[in-house]
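Trainee: First to last, the sequence lines map onto chains P and E. Per our numbering: the first sequence = residues 1 to 286. Per our numbering: the second sequence = residues 1001 to 1341.
Derived by calculation from the structure, the hints in this document are not laboratory data. Possibly wrong hints are sitting among the right ones.
To be verified - If you want the footprint, here are the derived chain P segments under chain E, 3+ residues with CB under 8 angstroms: (1) 77-90; (2) 144-153; (3) 214-224.
What the hints assert, rightly or not - Estimated spans, in silico, between C-beta atoms of each pair: (4) E:D1117 - P:R178: 14 to 24 angstroms; (5) E:A1229 - P:E266: 54 to 64 angstroms; (6) P:E148 - E:A1081: 44 to 54 angstroms.
Glycine residues also receive a C-beta, built at the ideal position from the N, C-alpha and C atoms.
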Amino acid sequence: MKRGWITWDKTELPPSAFESRLAVVRARLAAADLPALVVYSDVWRSNQGRYLSNFMPYWNRALLVIPRDGAPVLLCGLSPRVYPWIRSVTILEDIRPSANIPQQLNQLRTEKGWSRIGVLDLPQLPYELSVPDAVDVPWSAIHAEPDEAELSMYRRAAAMAREILDEELSGPPVLLDRRFVGRLERRFRRAGAEDLVIFITGDSVSVALEYRGHWVKIVRATVAAPRSSSVFKTELLSGPYPYECCLQSDLKPGSIFAVTTEGIVEGKRVFHGDTFRLGPDGAELL
Amino acid sequence: MAEHGWDLLLLYGHTWRKDYFRCLVNFNFSGPHAVAALDRSGRVRVIVCDPWDFEGLNGEAIFELDFAAALNRLIGVSRSAVVAVAGKELMQARFTSADHVSATYAVEELRRVKSEDEIALIRQAAELSDSGYRHFAQAAEVGMAEYELVAEVESFLKSNGAEDNFMLIASGGTEVVGMKPPTWRRLQAGDSVTTELTPQIDGYWAQICRTLVMGEPSAGQLEAFAIFAEARQAAEDVLKPGVNIADVARVQNDVFRKYGYGEYTGPKYTRVRGHNLGLHPDENPYVLEDVDYIVKEGMVVIAHPNTYLPLSGYMVFGDTLLVTADGCTSLNATERKLFRK
């Protein structure tokens, strides 16, 4: 299942965090003389909308519209029957049913008298949602580095992933089969994981885990980590997708990323990986 | 392709919608993007952007982190050709252009009628949805949180070979108007616990919808279930090749109208009266009175009259149905009853 227990714990992520984030967006809009910013969100590409509103579509897709002056509006493909639930886990009040999202956006633009409009990462918007008279606002312009609330939740997600996976792999030799995957599903979801992607390759298991909108990835093997290894892949976790392979040179200060290395142990090719933040002194393990 | 004048057909998938890609190359890629390119000679080239995907395809793919660049190079080789894209609408704007023709509808139409191999996989998924529902009903207990119940079911389904699962849930009484992801709410005596389980086997999804009452059902729950059962049966009685899918919706809604609950068949209370199944768990055509589509033998559809009724709150009931030469047959074996515990 794509999504587990979705909630908003305001002691963990206070409403003031969203106020600060929206203030950055509005300052950017003012600087560019734009009346609003449009943020695309779907069941897999929800990091950015979640960051700005705590909304994540467990199914379907939506556009989050953040006016320079006014409260955010959600143009939502989901049924109005779930809007009370959406309101209970997000900062959103104005939610508009939108079977035809481009049409709803045009209506909103007309209603508000907006001409040019900002779109977050415009070249990455789905083709069928193309927005006329739009200006690209890159993600980096509104999200330079993770704030304290984000970092804290990334750390909690990483600790959850590491502790449970290390426990499951400790003790007698473990067979990495589908029953093992089932055990991980039970433990992680009961611990509050919203989403989980488990991948087994040979004697290694990769767990990508989402905790309240914050993705981490950890890779372990049934044997100890190799003494010498090389980087197999680097993945950006704090971009639009839960994880996306990238070059190390693509990482910016503050990026949350996973590095998977490969090496040989007891004649077997094994992988090992963790999630990091690129800090001022280099990669910091989360 | 020749009929449409297409020289190159791109089947695009991203991590949420892998179905267009998987209808040609049934590989569960890690993502976030993959494309399979078919030319008129029958040659297939695949682009992936994760090294594990490259290894999973035994190196028989183009692996490049810059997916847009790889795609542009592949298309650029035949710049004068007609390029058609299934899934074009979902692609990031930078991956495609107005020059490319959408092949989405044409490919969906090809996918609607399933081959014997596809039906075999959907049967496996339906069997897993049956055993998954048994586990759901066994695991549900008064005092258990919805998300804990979902954890148990996810664990069961993955342990038994599901690649993925789509699942919604709701619990409570007449205040419940629809299903959603699980919450912290703990099951209580008298609750209706609704779920749709949709496990995926080797790319293909099957779905089952059932309602479980925690304890003895109330008169309202029993009365509501009788209406749902009649509506589900009406759909199965009419579903066969040559029937318009609109009629499969209409006969379900007519049952609700007959009992004075017609207002609960509209979008305020329900989404669809069923949908097609296959490589995506929510395929077109939707079973709605305003959808015009003639049913074909070999389609796999779920007909579910799921909606809210003031008698019971939200209730669900439906099976995965294979359209046969003269009717339809359920691929589910779960008892067709209001479950109780």
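Trainee: Now tell me if each hint is right for this structure.
Mentor: We went through each hint and held it up to the structure:
Given as covered by chain E, the segment 77-90 of chain P passes the check, having 5 residues with a CB less than 8 angstroms from a CB of that chain where 3 are the minimum. Counting residues of the segment 144-153 of chain P whose C-beta sits closer than 8 angstroms to any C-beta of chain E gives 0, which falls short of three, so the coverage hint is violated. Residue count for the segment 214-224 of chain P with a Cβ under 8 angstroms from a Cβ of chain E: 0. That is fewer than the three needed, and the coverage hint is violated. Hint check: D1117 of chain E to R178 of chain P, Cβ distance near 22 angstroms, so the stated range 14 to 24 angstroms holds.
Between A1229 of chain E and E266 of chain P the CB atoms are about 59 angstroms apart, so this pair conforms to the stated range of 54 to 64 angstroms. Between E148 of chain P and A1081 of chain E the beta carbons are some 53 angstroms apart, a value that agrees with the proposed interval 44 to 54 angstroms.
In the structure shown, a violation is registered for the earlier hints numbered 2 and 3, in ascending order.
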